[in-house]
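Using the sequences plus the hints, can you model the full thing?
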Amino acid sequence: MTHDLFDKFDNIITEYKKLAEGGDLNPFTVSMDAVISPTEAIINGKKTILAGTNNYMGMTYNQECIMAAEDALRNFGTGTTGSRVLNGTYYGHKKLEETLKDFYDADHAIVFSTGYQANLGVISTVAGPKDYVVIDADSHASIYDGCAMGNATVVRFAHNNPEDLEKRLARIRRKDPDAGILVVIEGVYSMLGDQAPIKELATAAKKHDAFVLVDEAHSIGVFGKTGRGVAQEQNVEHLVDFTVGTFSKSVGTVGGYCVSNHPKFETLRLVCRPYVFTASLPPSVVASATKALELIKDSNLRVKLLENSMRLNKGLANAGFNMGTTGESPIAAIIIDDKQTAIGYWQNMMKEGVYVNLAVPPATPNGLNLMRCSLSAAHSFVQIDYMLEKFIAVGKKLNVLS
Amino acid sequence: MTLDTTEILDQICELVAPFNKKGVTITADTTFASDLELDSLSVMDMLAAIEDHFDVTVPLNILPDLETVGQVAEAIKRILDEEN
Numbered sequence: 001m002t003h004d005l006f007d008k009f010d011n012i013i014t015e016y017k018k019l020a021e022g023g024d025l026n027p028f029t030v031s032m033d034a035v036i037s038p039t040e041a042i043i044n045g046k047k048t049i050l051a052g053t054n055n056y057m058g059m060t061y062n063q064e065c066i067m068a069a070e071d072a073l074r075n076f077g078t079g080t081t082g083s084r085v086l087n088g089t090y091y092g093h094k095k096l097e098e099t100l101k102d103f104y105d106a107d108h109a110i111v112f113s114t115g116y117q118a119n120l121g122v123i124s125t126v127a128g129p130k131d132y133v134v135i136d137a138d139s140h141a142s143i144y145d146g147c148a149m150g151n152a153t154v155v156r157f158a159h160n161n162p163e164d165l166e167k168r169l170a171r172i173r174r175k176d177p178d179a180g181i182l183v184v185i186e187g188v189y190s191m192l193g194d195q196a197p198i199k200e201l202a203t204a205a206k207k208h209d210a211f212v213l214v215d216e217a218h219s220i221g222v223f224g225k226t227g228r229g230v231a232q233e234q235n236v237e238h239l240v241d242f243t244v245g246t247f248s249k250s251v252g253t254v255g256g257y258c259v260s261n262h263p264k265f266e267t268l269r270l271v272c273r274p275y276v277f278t279a280s281l282p283p284s285v286v287a288s289a290t291k292a293l294e295l296i297k298d299s300n301l302r303v304k305l306l307e308n309s310m311r312l313n314k315g316l317a318n319a320g321f322n323m324g325t326t327g328e329s330p331i332a333a334i335i336i337d338d339k340q341t342a343i344g345y346w347q348n349m350m351k352e353g354v355y356v357n358l359a360v361p362p363a364t365p366n367g368l369n370l371m372r373c374s375l376s377a378a379h380s381f382v383q384i385d386y387m388l389e390k391f392i393a394v395g396k397k398l399n400v401l402s
Numbered sequence: 001m002t003l004d005t006t007e008i009l010d011q012i013c014e015l016v017a018p019f020n021k022k023g024v025t026i027t028a029d030t031t032f033a034s035d036l037e038l039d040s041l042s043v044m045d046m047l048a049a050i051e052d053h054f055d056v057t058v059p060l061n062i063l064p065d066l067e068t069v070g071q072v073a074e075a076i077k078r079i080l081d082e083e084n
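Listed in order, the protein sequences are those of chains C and L.
Last residue of the first sequence: number 402 in the working numbering, and the count goes up by one each step with no gaps.
Last residue of the second sequence: number 84 in the working numbering, and the count goes up by one each step with no gaps.
Source of the hints: derived by calculation from the structure; they are not laboratory data.
One thing to keep in mind: the hints can contain errors.
[Said to hold, decoys possible] In silico BS3-like pairs for lysine-lysine, Cα to Cα no more than 25 Å straight-line:
#	chain 1	residue 1	chain 2	residue 2
1	C	18	L	22
2	C	339	C	18
3	C	339	L	21
So, in structure tokens, the structure goes:
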């Protein structure tokens, strides 16, 4: 009897079925019937506040971005039907890369079709068979997958721990004094919103002649004087060799990028498979991303965003919730003791008209079950107070709050 | 100092103990996924403790080949032999 290829997923199927038991709402199948604004949608016929979209700047409905996208759609069509190296590089792609270079004051910028592919491509390509990639334990899946796709030796260090990184780099150097080493960290870790101590981590890396890649996916737009991210906020951009990011959060569309001052950086266009062997971004996406970057640079939306986050975080903490976040990032996450309660909590919040993220292991660190919100500068205080009211009501109903 | 495989195995059994939430008897044949019911992240945390104890690098690349406690002991033995 041959194996059914899908038998290996039986445990996952069983777990997944449990999600649906509590009612008709399932976090993996819920869909939006209509979207009203960056912060509101119609779900199952009900007007619902979107509390976990990572739409930090509310750029998805920015009028200038929409107009730029409409223009590009009319003038350049719905898609490129080509890879960046075969028919798929238009004026707009070049302009977006110029805009990124200006945004980061960097020599080189390469645009990828998603943020996931940016990490996949850069990590798997720059670190070859004789090199090492050293990653934070709590890295995003795209970083782990970039390691899995490449041929480098992969080493993991304890989350945000410079001493642990230093120890592991020293071990590598003891064995392999000449190897190329790439250290990969994230500016902001998305589940709990904590920032990397880039200065300490990058200093440890530089002590051992390692390159440093910082993924600013959740921090572009949010941190730094001109919104470049945590490295700018911490005034340590000179220690960073590669900055990766996404257009799918603060920038309000989809796509990824990597910027660098490395003199040979442009070579990636020839050798990076996730860049070469995929279709390039549609012109409308490229145009709205370009416009959004221009707006983000000079915007004070980050101030409003962090005010919003602090209001929700403080409100939840004052109500007595066990918080995983402090309000210093756009994330607000309540720690729920067990997964079944977390699922029930999520379903109850949906019924109350608030769409939050149900985040459970292995997407979360330390086995945590989270009710995760990502705030937007587009949220009003009225919406935040409504979320707060519903979190408290459901918390009491489920005995999460005493 | 050169450790033999039995000594390495004994030390690894001690390092695995804090991850043995189910209280099973740990032998060379104990599997991480089925017997100890560890997810991939816990296995990586356990490996970090083992790396530090023996002061070696255990690349994540070999993780798919490490299903049992005994296989980890063999891997550590191999890595220690290579370094000496």
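These are the hints, each one checked on the structure:
no.	hint	result
1	C:18 to L:22	holds, 23 Å
2	C:339 to C:18	holds, 11 Å
3	C:339 to L:21	holds, 18 Å
In this structure, none of the earlier numbered hints is contradicted; all agree with it.
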